[in-house]
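Following the hints, put chain B in place on chain A, whose structure we already have.
Respectively, the protein sequence lines represent chains A and B. Per this note's numbering, the very first residue in the first sequence carries number 1; after that it's consecutive. Per this note's numbering, the very first residue in the second sequence carries number 1; after that it's consecutive.
Everything labelled a hint here was simulated from the structure, so no lab data went into it. Warning: the hint list may mix true and false statements.
Heads up, the list lumps identical chains together, so a pair's fine if it works in one copy or across two of them.
[To be verified] Calculated pairs, DMTMM-like style, for lysine to aspartate or glutamate (alpha carbon to alpha carbon, straight line, at most 20 Å):
hint	residue 1	residue 2
1	LYS16	ASP251
2	LYS16	GLU53
3	LYS45	GLU95
4	LYS37	ASP229
5	LYS64	GLU90
6	LYS111	GLU206
7	LYS400	GLU385
8	LYS45	GLU280
9	LYS37	GLU280
10	LYS192	GLU491
11	LYS93	ASP68
12	LYS141	GLU85
13	LYS37	ASP378
14	LYS493	GLU431
15	LYS312	GLU62
16	LYS141	GLU74
17	LYS496	ASP254
18	LYS38	GLU280
19	LYS45	ASP278
20	LYS45	GLU479
Protein chains: 2
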Amino acid sequence: MNENAIEIRFYDLLQKIESYNEALNVMFWDLRTGAPKKAVDQRSKTIGVLSSEVFRLKTSNEMKELLDQLSIQEELSVKTSAAVEESMKEYKKYEKIPEKEYAEYVMLQTKAESVWETAKETSDFSLFAPYLEKLIEANKKFLTYWGYEGTPYNTLLDFYEPGMTTDILDRVFNSLRERIVPLVKRIAGSNKQPDTSFIYQTFPVEGQRKASEFFLKELGYDFSAGRLDETVHPFQISLNRSDVRVTTKYDANDFRTAIFGTIHECGHALYEQNISADLEGTLLCSGTSYGIHESQSLFYENFVGRSFGFWKRHYETLREFSPEQLNSVSLEDFYFAINESKPSLIRIEADELTYPLHIMIRYEIEKELFNGNLAVADLPRVWNEKYEEYLGVTPPNDAKGVLQDVHWSGGSFGYFPSYALGLLYAAQIRESMLKDLPDLEERIEKGELSGILAWLSERIHQYGKTKKPLQLLMEVTGEELNPTYLIDFLEEKYTKLYSL
Amino acid sequence: MNENAIEIRFYDLLQKIESYNEALNVMFWDLRTGAPKKAVDQRSKTIGVLSSEVFRLKTSNEMKELLDQLSIQEELSVKTSAAVEESMKEYKKYEKIPEKEYAEYVMLQTKAESVWETAKETSDFSLFAPYLEKLIEANKKFLTYWGYEGTPYNTLLDFYEPGMTTDILDRVFNSLRERIVPLVKRIAGSNKQPDTSFIYQTFPVEGQRKASEFFLKELGYDFSAGRLDETVHPFQISLNRSDVRVTTKYDANDFRTAIFGTIHECGHALYEQNISADLEGTLLCSGTSYGIHESQSLFYENFVGRSFGFWKRHYETLREFSPEQLNSVSLEDFYFAINESKPSLIRIEADELTYPLHIMIRYEIEKELFNGNLAVADLPRVWNEKYEEYLGVTPPNDAKGVLQDVHWSGGSFGYFPSYALGLLYAAQIRESMLKDLPDLEERIEKGELSGILAWLSERIHQYGKTKKPLQLLMEVTGEELNPTYLIDFLEEKYTKLYSL
Chain A
1 MNENAIEIRF
11 YDLLQKIESY
21 NEALNVMFWD
31 LRTGAPKKAV
41 DQRSKTIGVL
51 SSEVFRLKTS
61 NEMKELLDQL
71 SIQEELSVKT
81 SAAVEESMKE
91 YKKYEKIPEK
101 EYAEYVMLQT
111 KAESVWETAK
121 ETSDFSLFAP
131 YLEKLIEANK
141 KFLTYWGYEG
151 TPYNTLLDFY
161 EPGMTTDILD
171 RVFNSLRERI
181 VPLVKRIAGS
191 NKQPDTSFIY
201 QTFPVEGQRK
211 ASEFFLKELG
221 YDFSAGRLDE
231 TVHPFQISLN
241 RSDVRVTTKY
251 DANDFRTAIF
261 GTIHECGHAL
271 YEQNISADLE
281 GTLLCSGTSY
291 GIHESQSLFY
301 ENFVGRSFGF
311 WKRHYETLRE
321 FSPEQLNSVS
331 LEDFYFAINE
341 SKPSLIRIEA
351 DELTYPLHIM
361 IRYEIEKELF
371 NGNLAVADLP
381 RVWNEKYEEY
391 LGVTPPNDAK
401 GVLQDVHWSG
411 GSFGYFPSYA
421 LGLLYAAQIR
431 ESMLKDLPDL
441 EERIEKGELS
451 GILAWLSERI
461 HQYGKTKKPL
471 QLLMEVTGEE
481 LNPTYLIDFL
491 EEKYTKLYSL
Chain B
1 MNENAIEIRF
11 YDLLQKIESY
21 NEALNVMFWD
31 LRTGAPKKAV
41 DQRSKTIGVL
51 SSEVFRLKTS
61 NEMKELLDQL
71 SIQEELSVKT
81 SAAVEESMKE
91 YKKYEKIPEK
101 EYAEYVMLQT
111 KAESVWETAK
121 ETSDFSLFAP
131 YLEKLIEANK
141 KFLTYWGYEG
151 TPYNTLLDFY
161 EPGMTTDILD
171 RVFNSLRERI
181 VPLVKRIAGS
191 NKQPDTSFIY
201 QTFPVEGQRK
211 ASEFFLKELG
221 YDFSAGRLDE
231 TVHPFQISLN
241 RSDVRVTTKY
251 DANDFRTAIF
261 GTIHECGHAL
271 YEQNISADLE
281 GTLLCSGTSY
291 GIHESQSLFY
301 ENFVGRSFGF
311 WKRHYETLRE
321 FSPEQLNSVS
331 LEDFYFAINE
341 SKPSLIRIEA
351 DELTYPLHIM
361 IRYEIEKELF
371 NGNLAVADLP
381 RVWNEKYEEY
391 LGVTPPNDAK
401 GVLQDVHWSG
411 GSFGYFPSYA
421 LGLLYAAQIR
431 ESMLKDLPDL
441 EERIEKGELS
451 GILAWLSERI
461 HQYGKTKKPL
471 QLLMEVTGEE
481 LNPTYLIDFL
491 EEKYTKLYSL
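Chain A with its partners taken away, still in its complex shape (with noise of 0.2 Å):
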């Protein structure tokens, strides 16, 4: 066979696979946002059995031969070496493991996040904490097979993030720690605070639709390629690269969830709707990483919706939507009040200041369960400890503190750190843009927002998963992660807030 039909034969197979993630996110997308209740048993063996062929074609024999072949050959293209990349990491991830051992695994999981919503419910981390216990183990297990460079805990890491390690996150992380702590200390003791009293009175849920739909086109979401709906907990989710989805929720009581979670996701449907139509059927065609996705979203969150210049340009608009609420606040108090920073106990609720202490109390857990020796049974103890040290607030009960996020239950160790990868991602990137853009926000201002996106599209977007995050990283700003951004953007904005 000569190599151009392998070649042939291998973007057959992922092509294969790509229909079937297809078909799988359809699947997932209709059952989150209006498949009938009884449903979902059939939906989930129907799942059931199109995820155990997806695994089956990544570590197939067919796949390891064209795998071997394509190793060998010169000069294959940028996008065939990622996609052999790609590929391999994922035949190798799964190949070690015993399909028995596995087959277990997924079925651990499946009992262990039902059992972690029980726990949750009734604030009782004595139930989860033995299949919590069995999830790390058969993930320290599975390291026995994997390997690992430096810890243990950097395989896990470089699932969701390739190229992350403990020592840059222990850097990076300590950086950021020195400046927020002290900096969310001096506003909790700051005499002027926000007054916040406006945002809990009614938003007519229509208006709410209207203004996600507004400011979703604002951005530059492609309607014709997408759609929006609405979920208990807002996603976005790419079904092909021309029906890019997202969903939102809408609080009549908190219009927040619904106005930021929609900028949010559209961040990460930005990307999606942008990545280069060459990639298309390839596992090259989204994001790179977790952490670089997050830095899309949270880009268009923080950046651009939770500017002054943004709402000088929309709080009118706003307004229209929701008039008995917002026609007695000015811009300004506005503008104070949905930029309130405070410690708190969740971390899907905190600000973008306390944000990154939310994560780093679960990444030094993390840490600790995998290359250290921290038992399950202290998680409570040792997760309250924190809370108060970081963000000077204790958990009432475990549902409040260890017990809120789901991650764990689906044995999804490594995850975390992208949030806060995404924050200084984003802050490094907004750096880099503002010597191309030196006017961006003036730009924000104007409603000129195309050109933001195609900044980066350019840089970004389009090369989807063919370029590693770090490298990306690199090539985009010229420099290796570097907290300084995020810090002093932080810093400049909250001391002039909160005037201190």
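Then chain B, alone, in the frame of chain A:
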């Protein structure tokens, strides 16, 4: 391998096929109800990949081996026997066609459908004719692989209505023609005609939506195992047994489209929602034939939804949804108007009395195409002559004549008769129901529909595909297909309506 193990493998394979079918149906539903327009290209590829996989599984060596082993086993359960028979039928249908020939045919279908669309838009039969010729030639070629009993067309009929033959159809259609054609003529000559002008006034779409939901609930549709959406062409689709969805169309200037369309699709959905849970994932968990399926939709549409008692009960409710349009129309005038019978050109707009004549025309043409020597070039002429003969109307162009239906462009020959069979079955089933529920009309008038649904579910729905249509008809009604019941019903109803 013991017998039990073979059966387990067999059912695993069927579950896999059904899982792919579920994924395909979710994607199909999504495309029709709200997928963004740019999604279509990649989605089509994905659907192609999964469809090929279903084809491959149905004709796989594994399927052959399992069917061979199960066929020689004694004492298979009713369910397993039926699943083997169904799988064998599918296997034989496809495995005899050389793979290349089948792939070419699938491409021809896709192309022909798109050419048909243009031909219909421009009312130019000559565009479509060469494709129709190729489709017929391909099916004639396939018939040499499939073989036939009696006449070649019987094999095509059998795909949609197992056991159906031209002998049976000739017999019942002759009886229908003999008595329906004169009845239609007498109606045309009657001095008493309904005033239908109010129908074309505005019925607000929101009211139609509420009415559609109301009637679905009233008829026994389970919304926790389904949902209602809006599409250009209404349909019912079963994703799984507990996720049976219906769609309808809201025409602000003709409420009949939504009301009777919804009731029709509801009849289909009630069938699917009430199949025995035991049949899920076995290829048997759907209606046993196109004709029996149609009998359920038409039972509800015509015998419930177009009855006087139904409107005696619900007319006030409908009025609330559109008071301006309906307040000055009496119940009697409303009932007469929705039962207007008038020869027309378009099948899907035809009333219940003239509808079978549209089907008979198509049946006679298809039969001549496959059993006789009718040439494609002669179709427009023959079509128009038959419309003049049976209905007294002549299409002004081919768009309103021979090009009106999509079926032939997809190669669906033998499908049309099931629409008329649905009417015939429904009337015969109703006659049988009257023996158990002599107060049928009173129940409808009182809104006591649960007993009717229970009767149909117990005798028909629950069996899914485990009973063949003609066997089912015999068991439910105690006799062969007998057109008298439909004819008597129609004669009585229309004689009274039009004071003939």
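Going through the hints against the structure:
no.	hint	result
1	LYS16 - ASP251	neither (40 Å within a copy, 40 Å between copies)
2	LYS16 - GLU53	both (10 Å within a copy, 10 Å between copies)
3	LYS45 - GLU95	neither (23 Å within a copy, 28 Å between copies)
4	LYS37 - ASP229	both (17 Å within a copy, 16 Å between copies)
5	LYS64 - GLU90	within (11 Å within a copy, 34 Å between copies)
6	LYS111 - GLU206	neither (38 Å within a copy, 43 Å between copies)
7	LYS400 - GLU385	within (14 Å within a copy, 78 Å between copies)
8	LYS45 - GLU280	between (28 Å within a copy, 11 Å between copies)
9	LYS37 - GLU280	between (33 Å within a copy, 17 Å between copies)
10	LYS192 - GLU491	within (16 Å within a copy, 86 Å between copies)
11	LYS93 - ASP68	within (16 Å within a copy, 39 Å between copies)
12	LYS141 - GLU85	neither (24 Å within a copy, 47 Å between copies)
13	LYS37 - ASP378	neither (38 Å within a copy, 53 Å between copies)
14	LYS493 - GLU431	within (15 Å within a copy, 80 Å between copies)
15	LYS312 - GLU62	neither (57 Å within a copy, 67 Å between copies)
16	LYS141 - GLU74	neither (36 Å within a copy, 48 Å between copies)
17	LYS496 - ASP254	neither (25 Å within a copy, 62 Å between copies)
18	LYS38 - GLU280	between (34 Å within a copy, 14 Å between copies)
19	LYS45 - ASP278	between (33 Å within a copy, 15 Å between copies)
20	LYS45 - GLU479	neither (47 Å within a copy, 41 Å between copies)
Against the hints set out earlier in the document, violations occur for numbers 1, 3, 6, 12, 13, 15, 16, 17 and 20.
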